[in-house]
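Using the sequences and the hints given, assemble the complete structure.
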Amino acid sequence: MTAFATTASITPNIVAEHGLTADEYQSILKIMGRAPNLTELGIFSVMWSEHCSYKSSRRWLKRLPTEGPVVIQGPGENAGVIDIGDGQAVVFKMESHNHPSFIEPYQGAATGVGGIMRDVFTMGARPIANLNALRFGSPADPKTRHLVAGVVAGIGGYGNCMGVPTVGGEVNFHPSYNGNILVNAMTVGLAQADKIFYSKAAGVGNPVIYVGAKTGRDGIHGATMASAEFNEDSEEKRPTVQVGDPFTEKLLLEACLELMATDAIVSIQDMGAAGLTSSSVEMSSKGGLGIEFDLDKVPVRETGMTAYEIMLSESQERMLMVLKPEAMEKARAIFEKWELDFAVIGRLTDTGRLVLKKDGKVQADMPVEPLVSEAPVYDRPTAATPAQAPVAASALPAIEPLAALKTLLACPDLASKRWIWEQYDHLVMGRTLQRPGGDAAVVRLPDSKKGLAVSTDCTPRYCFADPKMGGAQAVAESWRNLTAVGATPLALTDNMNFGNPQRPEIMGQFAGCVEGMREACLALDYPVVSGNVSLYNETNGKGILPTPAIGGVGLLQNADHSVSLKFKAEGDAIILLGA
Amino acid sequence: MKARVHITLKSGVLDPQGRAIQHALGVMGFAGVEDVRQGKYIEIELKETDRAKAKANLDAMCQKLLANTVIENYAIDFAD
Amino acid sequence: MKARVHITLKSGVLDPQGRAIQHALGVMGFAGVEDVRQGKYIEIELKETDRAKAKANLDAMCQKLLANTVIENYAIDFAD
Amino acid sequence: MKSAVIVFPGSNREGDAWQALAEVTGSAPQLVWHRDSELPKVDLVVVPGGFSYGDYLRCGAIAAHSPIMREVKARAGKGVAVLGICNGFQILTEAGLLPGALLRNAALKFVCRNVNLKVENSQTMFTGGYEQGQVLSVPIAHHDGNYHADAATLDKLEQSGRVAFRYCEANGAVTAAGNPNGSARNIAGIFNETKTVLGLMPHPENAIDILLGSVDGRGLFRSLAEALS
Ligand SMILES: Nc1ncnc2c1ncn2[C@@H]1O[C@H](COP(=O)(O)OP(=O)(O)O)[C@@H](O)[C@H]1O
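Chains as they are written, first to last, in the working numbering: chain F, 1 to 579; chain C, 580 to 659; chain Y, 660 to 739; chain Z, 740 to 968.
Rather than coming from a laboratory, the hints here were simulated on the basis of the structure. Computed from a predicted structure; not experimentally measured. Just so it is clear, CB atoms sit at the ideal spot from N, CA and C, and this is done for glycine as well. Treat the hints loosely; a few may be bogus.
[What the hints assert, rightly or not] With beta-carbon atoms standing in for the labels, derived distance ranges:
id: 1; chain 1: F; residue 1: Q502; chain 2: Y; residue 2: H682; range: 40 to 48 Å
id: 2; chain 1: F; residue 1: S138; chain 2: C; residue 2: K581; range: 35 to 43 Å
id: 3; chain 1: F; residue 1: C411; chain 2: Z; residue 2: L847; range: 20 to 28 Å
id: 4; chain 1: Z; residue 1: A909; chain 2: C; residue 2: K589; range: 35 to 43 Å
id: 5; chain 1: F; residue 1: S138; chain 2: C; residue 2: L644; range: 20 to 28 Å
id: 6; chain 1: F; residue 1: K297; chain 2: Z; residue 2: A890; range: 57 to 65 Å
id: 7; chain 1: C; residue 1: K581; chain 2: Z; residue 2: L847; range: 18 to 26 Å
Quick look at the structure:
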């Protein structure tokens with residue numbers, strides 16, 4: 001039997017550095033039946049981080065309606081899947097890359113876009129539209145300018161190179177985001193409804209394959225960072241940020257879609273935050289299987305990488321797959337054609353354990369299931385947001401209407417965002433019927449009259465004033481924007497961006513927004529099929545405005561009839577509808 | 580006074596450009612290229628005549644604008 | 660053997676990046692910046708141990724790929 | 740007319756070019772993978788837009804040295820029509836099929852929007868379907884479209900009718916305001932000496948459907964189909 005690698009004993013300090021509480025560590029001891037080594041601790045810390053385990057939000061997310069006649073796959077997979085008829089499915093999701101974008105705006109935003117695109121093409125869909133939802137601090141803060149420029153360039157840099165049009169988004173400015181910008185990216189893809197790929201591993205003995213870029217020491221603490229509050233010295237610590245390589249991702253996209261057209265893949269999962277750890281645990285836990293890796297086989301681009309580093313690396317543009325053994329050579333040929341790394345790094349077992357070997361030693365040996373099922377779930381105390389006193393119109397100073405209009409038009413939130421979307425290739429693929437600048441963008445589907453309408457929406461100040469109304473309003477606005485271009489809204493994805501959940505008033509905002517979203521979704525038959533939560537968006541104890549960004553998708557049976565908001569001709573009547 | 584600034588990626592940071600160049604050189608038949616890293620080279624003409632002052636100033640420029648110190652290192656020298 | 664290649668824009672070719680840096684430095688309050696030109700800096704690790712041969716090889720790499728001689732000059736030197 | 744569209748790793752408008760050719764000329768082009776050193780017998784080769792090899796080092800530089808480009812150069816030498824769009828234009832200049840170079844946009848930003856283009860020479864196989872001086876609305880989407888050549892080269896291009904398109908204002912005035920990227924003398928596209936090779940930054944293949952904003956790009960593909968059938 002192979003020797004077991006031990007490491008320096010785990011001190012309370014090391015536990016704390018991994019973002020685990022003393023209670024959580026006690027659970028780990030119980031699950032393991034012994035003290036974990038550093039690699040094992042690292043794996044627990046990643047799987048039990050807020051980012052992977054949704055430990056503060058899970059209880060509330062369950063309240064969201066996730067079912068409906070069009071839903072093929074709700075939350076829980078890489079992305080949500082809906083049926084749009086004619087054997088076609090739409091795969092979409094939104095995801096945040098807030099903290100990395102604050103530290104390095106270009107690369108942070110770029111790798112955010114790369115990550116969400118992988119989530120979508122992992123499921124067998126070709127991405128056909130990208131969107132984003134961005135929040136920055138006060139425009140008067142000199143840092144804001146730098147962050148906006150970097151984020152916009154990063155989103156464009158990655159999406160443009162991938163050849164996926166970035167067709168919409170939204171941007172707000174508010175001082176509460178000074179130290180915590182929000183970068184939420186959304187991708188919408190098109191797939192065949194009967195060819196959706198899932199992450200559930202199957203087939204004891206099947207090979208587990210690593211494809212894509214090599215592993216480096218990128219963002220080793222990324223996943224824990226995404227779940228930790230910022231303080232004065234996090235800028236100093238400067239964790240290694242991931243650098244994106246959109247060219248490699250473009251190759252990965254084409255190679256994966258080429259392989260998916262054959263019958264080779266049993267299951268597939270992209271390596272996102274927490275890379276090899278979360279992808280392998282997710283695949284094996286869903287399949288109720290074990291997994292054994294030979295980490296010496298993992299393609300690395302740096303020398304001397306430890307098991308800990310390999311398992312926690314957040315290097316981008318990588319995928320993990322389980323293949324049918326007979327399809328191996330076919331798959332290898334495809335990845336060689338696209339000049340990507342391809343390595344068999346392990347196999348599925350019936351032990352239910354994650355076993356990692358490297359340098360002739362067992363580096364970790366732990367049960368898979370509890371990593372997921374025994375992840376902590378917190379029912380954190382909530383404090384309701386006090387109702388705001390109504391403002392009587394008579395109490396407001398009189399304003400000259402034209403001056404008021406000018407003030408509004410000059411407000412950064414309302415001013416035209418043309419200078420942003422002109423930096424995004426919103427026309428590539430040649431199917432953008434409604435470009436950015438309207439209520440929702442519309443892209444035509446290939447060889448079809450059908451089209452998709454897409455939009456991202458949220459008004460954080462409403463959510464701050466009244467979380468429940470604000471949550472409902474964000475969903476309703478999304479619905480309105482889709483209907484305004486002529487689409488039938490089908491389903492949405494969300495990105496819940498909030499402050500520190502350990503503070504009851506923040507948890508109250510979260511709960512309130514969820515309740516409001518729930519009511520609006522139920523009233524509108526508008527289910528939530530995917531989403532993402534980003535908590536701890538706080539600096540020095542001050543949280544951001546509660547920001548549940550909504551990404552909506554609607555369908556037009558004849559996209560050629562979509563309508564835009566511009567006035568078309570002199571003499572046309574103008575009609576005001578609604579309340 | 581003319582200063583030269585070299586900005587290079589920190590070791591360990593992915594360099595997609597360098598990799599692509601190395602690969603292209605190989606395809607074009609150049610053998611024995613073991614590694615390629617791409618950086619930036621900036622020439623700056625300064626009014627300042629005091630070298631120590633110029634250096635301090637350039638340091639600040641690198642920190643604040645020219646280099647992204649999260650992923651890049653920089654080095655300053657003088658042409659004359 | 661480690662070679663260093665500097666690639667700079669020919670004089671007379673407009674350098675929008677250099678100009679933008681100069682402008683940004685001015686806005687940030689750095690005074691006395693009279694000119695900025697941005698180029699590329701490429702480090703190449705070669706198996707070759709003969710300097711003359713390496714130089715000839717690098718010349719060919721620059722001519723064929725690394726520099727676009729319509730707009731750029733290049734210079735090669737060795738780190739050791 | 741038979742045509743081929745070259746696909747490099749990182750190409751991303753090959754589908755758009757395919758669509759435009761198929762729809763406007765009525766005959767679907769063949770997609771040719773960059774590693775195929777054999778180019779099928781065709782009347783037109785299209786080098787499409789995208790980010791070949793990530794546009795690392797310089798846009799189009801690495802693609803220009805790929806094996807398929809030797810074949811494209813050989814065909815161009817025999818007079819076969821070659822059309823380079825956006826990244827394709829960059830590749831053709833890097834490969835030496837067209838003079839000059841494309842630098843970073845003067846404003847340093849990627850820019851995607853419709854621009855006005857003035858047809859400078861309507862007497863070629865690419866532009867025969869347009870009127871001389873006609874103003875077209877066609878999208879651009881690039882980061883490095885700032886055309887540069889030395890003054891002597893520019894003079895020569897102008898004197899020999901080798902400027903295909905110039906950026907202009909809606910009324911056709913060739914001004915700095917109508918120039919989206921700082922290109923020398925507002926040049927948006929140029930021919931080789933025999934006017935059998937055209938490189939341009941704008942995307943005529945994205946201007947073939949009025950619902951998508953413009954049909955002004957159709958003329959280019961129609962001209963080719965007429966000249967080459
Ligand atoms: N970051 C962005 N990226 C792309 N498009 C954007 C971005 N921000 C705003 N837009 C576009 O600008 C338009 C106006 O945005 P917004 O003010 O949020 O619209 P509304 O409030 O009417 O939904 C929309 O078409 C939107 O897609």
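**Report entry** Range hint 35 to 43 Å (beta carbons of F/S138 and C/K581) holds or violated
**Finding:** 39 Å, holds
Requested in this report: Using the beta carbons of F/Q502 and Y/H682, state whether their distance is inside 40 to 48 Å or not.
Outcome: 45 Å, holds
**Report entry** Distance restraint hint 18 to 26 Å, applied to the beta-carbon atoms of C/K581 and Z/L847
**Finding:** Cβ of C/K581 to Cβ of Z/L847: about 24 Å, so the range 18 to 26 Å holds.
Query raised in the report: At the C-beta level, are F/K297 and Z/A890 separated by a distance inside 57 to 65 Å?
Result: 58 Å, holds
Query raised in the report: Should the hint that Z/A909 and C/K589 are 35 to 43 Å apart at their CB atoms be regarded as holding?
Result: 49 Å, violated
Report task. Starting from the range 20 to 28 Å, see whether the pair F/S138 and C/L644 falls in it by beta-carbon distance. Result -> With Cβ atoms ~21 Å apart, the hint holds.
Query - CB-CB spacing for Z/L847 and F/C411 relative to the 20 to 28 Å hint - result: Given about 27 Å between the Cβ atoms, the range holds.
In summary, the one numbered hint that this structure violates is 4.
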